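**Q** Read off the chains here:
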Amino acid sequence: MPGKKRKADTKMWGSPSTSSSSSRRKGSSSRRGGGGSSSGAYGGASASGINEGKAERMFAELCEEDNPDAANMEGICKLCEQLDLDPLEDVRVLVLLWKLGANKKPAEIQKGEWIAGCHKLKLDSVDKFKKLLPSLDTGFMDREEFGDFYKFCFQFNRAGTHKTLEKDLVVALLKMCLTGGRISSHRLDTFCEFLETTNDPSYSKITLDQWRSFLDFSYEYPDAKALNGYDEGMSAWPVLIDEYVEFMEKSENRKK
Amino acid sequence: SIYLLADQYRACSLADLSFNFHFEHGQQPSTTKMNIIQLEDGWNNVIKKGAIDVLEKTLDDGFDTSFEPREYIRIYTTCYDMCTQRSPYNWSRDLYTRHGETIETYLRNTVLPALQDKTGQGGTILLNELKHRWSNHQIMNKWLKKFFTFLDRYYVKHHSLPTLEQAGLGHFKTEIYQNSKENTTTAIISLIDEEREGEIIDKTLVKSIVELYESMGMGSLDSYTNDLEQPLLDATRAYYGRKREDWITKDSTPDYLIKAEKALGEEKTRVVEYLNPATEPKIRRVVEDEILQKVQMNLLEKEGSGCSVLLANDKTEDLQRMFQLFSRLDSGLQPMANIVEKFITSQGNACIEKRQARLDSGEKDKNDDPEFVKSLIDLQEKYLGVIRETFASHHLFQKALKNSFEEIVNNDVGQYSNAELMSTFCDRILKSGGDKLSETEVEQSLDRIVQLFSFLNDKDLFAEIYRNQLAKRLLNQRSASDDAEKAMIAKLKVQCGTQFTSKMEGMLNDLAVGSEQKSEFDRRMEQQDTNLSFGVQVLTTGNWPSYKAPEVALSPQMSKCMDVFKEWHDAKHQNRRLTWVHSLGNATVRATYGKKSYDLQVTTLQAVVLNVFNEGKTYGFTDLKSKLNLDDITLKPLMHSLSCGKHKVITKSPANNKITSTDSFSPNAKFSCNMRKIRIPVASVESSHNKNRVEEDRSVAIEAAIVRIMKARKTLSHQQLVAEVLSQLAFFKPQPRVIKKRIEALIDREYLERSSENSQQYNYLA
Numbered sequence: 515m516p517g518k519k520r521k522a523d524t525k526m527w528g529s530p531s532t533s534s535s536s537s538r539r540k541g542s543s544s545r546r547g548g549g550g551s552s553s554g555a556y557g558g559a560s561a562s563g564i565n566e567g568k569a570e571r572m573f574a575e576l577c578e579e580d581n582p583d584a585a586n587m588e589g590i591c592k593l594c595e596q597l598d599l600d601p602l603e604d605v606r607v608l609v610l611l612w613k614l615g616a617n618k619k620p621a622e623i624q625k626g627e628w629i630a631g632c633h634k635l636k637l638d639s640v641d642k643f644k645k646l647l648p649s650l651d652t653g654f655m656d657r658e659e660f661g662d663f664y665k666f667c668f669q670f671n672r673a674g675t676h677k678t679l680e681k682d683l684v685v686a687l688l689k690m691c692l693t694g695g696r697i698s699s700h701r702l703d704t705f706c707e708f709l710e711t712t713n714d715p716s717y718s719k720i721t722l723d724q725w726r727s728f729l730d731f732s733y734e735y736p737d738a739k740a741l742n743g744y745d746e747g748m749s750a751w752p753v754l755i756d757e758y759v760e761f762m763e764k765s766e767n768r769k770k
Numbered sequence: 124s125i126y127l128l129a130d131q132y133r134a135c136s137l138a139d140l141s142f143n144f145h146f147e148h149g150q151q152p153s154t155t156k157m158n159i160i161q162l163e164d165g166w167n168n169v170i171k172k173g174a175i176d177v178l179e180k181t182l183d184d185g186f187d188t189s190f191e192p193r194e195y196i197r198i199y200t201t202c203y204d205m206c207t208q209r210s211p212y213n214w215s216r217d218l219y220t221r222h223g224e225t226i227e228t229y230l231r232n233t234v235l236p237a238l239q240d241k242t243g244q245g246g247t248i249l250l251n252e253l254k255h256r257w258s259n260h261q262i263m264n265k266w267l268k269k270f271f272t273f274l275d276r277y278y279v280k281h282h283s284l285p286t287l288e289q290a291g292l293g294h295f296k297t298e299i300y301q302n303s304k305e306n307t308t309t310a311i312i313s314l315i316d317e318e319r320e321g322e323i324i325d326k327t328l329v330k331s332i333v334e335l336y337e338s339m340g341m342g343s344l345d346s347y348t349n350d351l352e353q354p355l356l357d358a359t360r361a362y363y364g365r366k367r368e369d370w371i372t373k374d375s376t377p378d379y380l381i382k383a384e385k386a387l388g389e390e391k392t393r394v395v396e397y398l399n400p401a402t403e404p405k406i407r408r409v410v411e412d413e414i415l416q417k418v419q420m421n422l423l424e425k426e427g428s429g430c431s432v433l434l435a436n437d438k439t440e441d442l443q444r445m446f447q448l449f450s451r452l453d454s455g456l457q458p459m460a461n462i463v464e465k466f467i468t469s470q471g472n473a474c475i476e477k478r479q480a481r482l483d484s485g486e487k488d489k490n491d492d493p494e495f496v497k498s499l500i501d502l503q504e505k506y507l508g509v510i511r512e513t514f515a516s517h518h519l520f521q522k523a524l525k526n527s528f529e530e531i532v533n534n535d536v537g538q539y540s541n542a543e544l545m546s547t548f549c550d551r552i553l554k555s556g557g558d559k560l561s562e563t564e565v566e567q568s569l570d571r572i573v574q575l576f577s578f579l580n581d582k583d584l585f586a587e588i589y590r591n592q593l594a595k596r597l598l599n600q601r602s603a604s605d606d607a608e609k610a611m612i613a614k615l616k617v618q619c620g621t622q623f624t625s626k627m628e629g630m631l632n633d634l635a636v637g638s639e640q641k642s643e644f645d646r647r648m649e650q651q652d653t654n655l656s657f658g659v660q661v662l663t664t665g666n667w668p669s670y671k672a673p674e675v676a677l678s679p680q681m682s683k684c685m686d687v688f689k690e691w692h693d694a695k696h697q698n699r700r701l702t703w704v705h706s707l708g709n710a711t712v713r714a715t716y717g718k719k720s721y722d723l724q725v726t727t728l729q730a731v732v733l734n735v736f737n738e739g740k741t742y743g744f745t746d747l748k749s750k751l752n753l754d755d756i757t758l759k760p761l762m763h764s765l766s767c768g769k770h771k772v773i774t775k776s777p778a779n780n781k782i783t784s785t786d787s788f789s790p791n792a793k794f795s796c797n798m799r800k801i802r803i804p805v806a807s808v809e810s811s812h813n814k815n816r817v818e819e820d821r822s823v824a825i826e827a828a829i830v831r832i833m834k835a836r837k838t839l840s841h842q843q844l845v846a847e848v849l850s851q852l853a854f855f856k857p858q859p860r861v862i863k864k865r866i867e868a869l870i871d872r873e874y875l876e877r878s879s880e881n882s883q884q885y886n887y888l889a
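Protein sequence lines, in the order shown, are assigned to chains F and E.
Heads up: the first sequence begins at 515 in my numbering, then just goes up one per residue.
Heads up: the second sequence begins at 124 in my numbering, then just goes up one per residue.
In isolation and in its complexed conformation, chain F is listed as follows (with noise of 0.2 Å):
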């Protein structure tokens, strides 16, 4: 969910009603009932230690209308309300939904894989999720951990059965998640300049694999002086890569 508010957002979202993502939905909360506060009315304990009534009520008030086993970007926008999370500039976002393991389809969340993350998580209210927040910081994952999020990252904001992502929407995702010193802010920076400033057609949509490209690359040559040794002919980098090494040339040549 990146910041800038674009006519491809909304229809990335796929929701059917007409207004923005960026407008907090007050009226409909107070609709459903429940979220809130404990009460051991529906079922007890589970094994896991968590009311899995509870948790089941509280997708109940996310989930679309017709559709009760999932929960797309309405619900989801719903659920950063009941957190107080900006869904369009907060990583910890992305990083609960990947923590709940929603992997089947983008931009939505199936109660299934809502019960088994709440299981996971030990959550079944508001408040235990607000617990939970300050462990959703990317800093805490490991490199492993970190590239199936960020993998994650990508595949969630597809659009549908597409398989590539808008080039201004992965500018936005890459700084999302890869600012804090996950990789150099240079690379980062220079990166999506050179993103936003190349005119070739065939990168105005970003595949998968030069999406894992770039983080694996931004490791494998973190600073400007590890670049004098990148090798063209040698490497198996997606020509994305190589297209951005030869811009960072060309922009040191220039300073000179």
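Warning: the hint list may mix true and false statements.
Derived lysine-lysine pairs resembling DSS-like cross-links, with alpha carbons at most 27 Å apart [what the hints assert, rightly or not]: (1) K834(E) x K764(F); (2) K677(F) x K837(E); (3) K689(F) x K837(E); (4) K864(E) x K681(F); (5) K677(F) x K834(E); (6) K814(E) x K719(F).
Rather than coming from a laboratory, the hints here were simulated on the basis of the structure.
Being a predicted model, the structure only gives us computed values, none of them experimental.
Following the hints, complete the assembly by docking chain E onto the known chain F.
**A** For chain E alone, coordinates are given in the frame of chain F:
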């Protein structure tokens, strides 16, 4: 023969013999029991007095040494007796020793002083003396061996001692040779240097001395090698080093090489004339090293006379000499081949620059530049000849030619690629009304263009263009000779294989089949009640370029003909689907203007248009469009050809040269022409080839190669994969980035994945 006699007699009774001889010489006849010869007696009285002193005297006097047969036998027998007497009277050891001492003494006391005497008097004198003394020694050695020969038979063998001959030689070596070898060597070397400077020397003398050295090795060549050969090689090196320094500054490369060739020849002859054959390769290498190897680059690159200058001036003989001389050196030809490659490349680039200059000066950039193509062909022809004759078709030079032409031929300037220019060149030769050439000239030209073609990277582009041009020739009956077409295709097939030419062959085949079936269909047409003569050419879709097939509204007469054909065809071939391509095809229209009739030779579509005007009505452009069901792109050129060209059979209003949608057209009542048969050409809209098709085919070919390779190898590094792909693609050479993009596309389609262990490695996904 008396010596032989003596031996023979020994077989019977030496006792008898000695008896007789002793008797004749006034000695006491011996009884059957022989008299014992005492050592000193025998030695001094017989051997020394009779043999050794005599021998020495004749040597000193310079007379031929000979012994009377009786005398010889006497001495021989004495020795024999002294060696065969029973102990303690067996004097073998003493005789052996004294043999050695005699020689030794003679050498020391007589020979050596004589030599030393001559040492200060100049090389030749010393050498002559040595030769004389050596010759003498050989004589002495021979005679002494004869006399003492019995020692060799038993004593020497029994005691494993040097033979008499060896002992003699050994003494000569120790007493004479070791003392004089240095001076002798020096003398020989200065003679050789004199000869090198052009003086005449006594070769026989030198040869004799060389034989001395050889003998001093006593079975091996060591003395010769160490005492003469090595100093000679050093001196040779010094000599030619000086010569080189002298020549290299003063002489041009060709002149230098002439001198070098001469020197090498002389040294070779020298060895034959008076040195040991083993020296030949060694001396050759020294000379080659000094006068060729050390200045190779200097000679090749010399300003004004180096290799590239010689090439520029077609100095065949000088280049041949250079080639032959440098082929003697290890990797001596590579630098020369490099220069040849550079030179040919620069010649090729000059042709390209000429073309560029013509284009820059305003000449129209067309897909036809016979001047340029011919210049490349001539260049190739010239240097093929040069490599054959001057460089003996050596593989390094063939490679140089190949490398340089690969660079030249793939250097495109202007809008049209060289592939296209070359294909058009073929078109000129193969089409009727093109260049007028005899059959052999055609064959030759095609051969040459195919050779040039072999250097092209974008062979697939050439094929695409060639096919399009071939199709045009065939469909418009503009092919000069069916045999020539076949010959060209055969040549391409030899170069590139069957797959490359299959479509071309298919095209020719379609026409051949068509003409076979033509007469059959003609008979069917005769049965129809139409006054149109009608013929159909069936083309197999895959073989031919893709053509637009506009669904033009035809006149009923035409439609009927087509139906007849379709019926006939479908009866013959059940599994085929026919699509009529009216954008091709020709027609002859009988047009009657007033009293005069004309036969207009036009395309099918033009004929359809003309037919509309049969009733004399006027039609607007847009009306025609809908009536005929044609689009602007097709209709405009048609109307232009009929109303704005040379023969305006249709009148256009307004009367200008541009067709617009507001124009209106009617038959030109005032049309007239002197000729009866009039051809009305239409501007062709088709481009020479479909660029996209070539690109698409390439993408497919690259991906197919990648999948094939990865399937076989399972896992490969990026570099390896790219290298394999390039080696498998015969007809074009894609850039590495292009290959990479195809790899990424295949990753996306999950044929491959990046290895999780190594980011530079790919795995095949089954």
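**Q** Would you mind marking each hint as holding or not holding in the structure?
**A** Okay, the hints, checked on the actual structure:
1. K834(E) x K764(F): 39 Å, violated
2. K677(F) x K837(E): Distance of about 26 Å is within 27 Å: holds.
3. K689(F) x K837(E): 37 Å, violated
4. K864(E) x K681(F): 18 Å, holds
5. K677(F) x K834(E): Answer holds: K677(F) to K834(E) is near 25 Å, not above 27 Å.
6. K814(E) x K719(F): OK: K814(E) and K719(F) at ~25 Å, within 27 Å.
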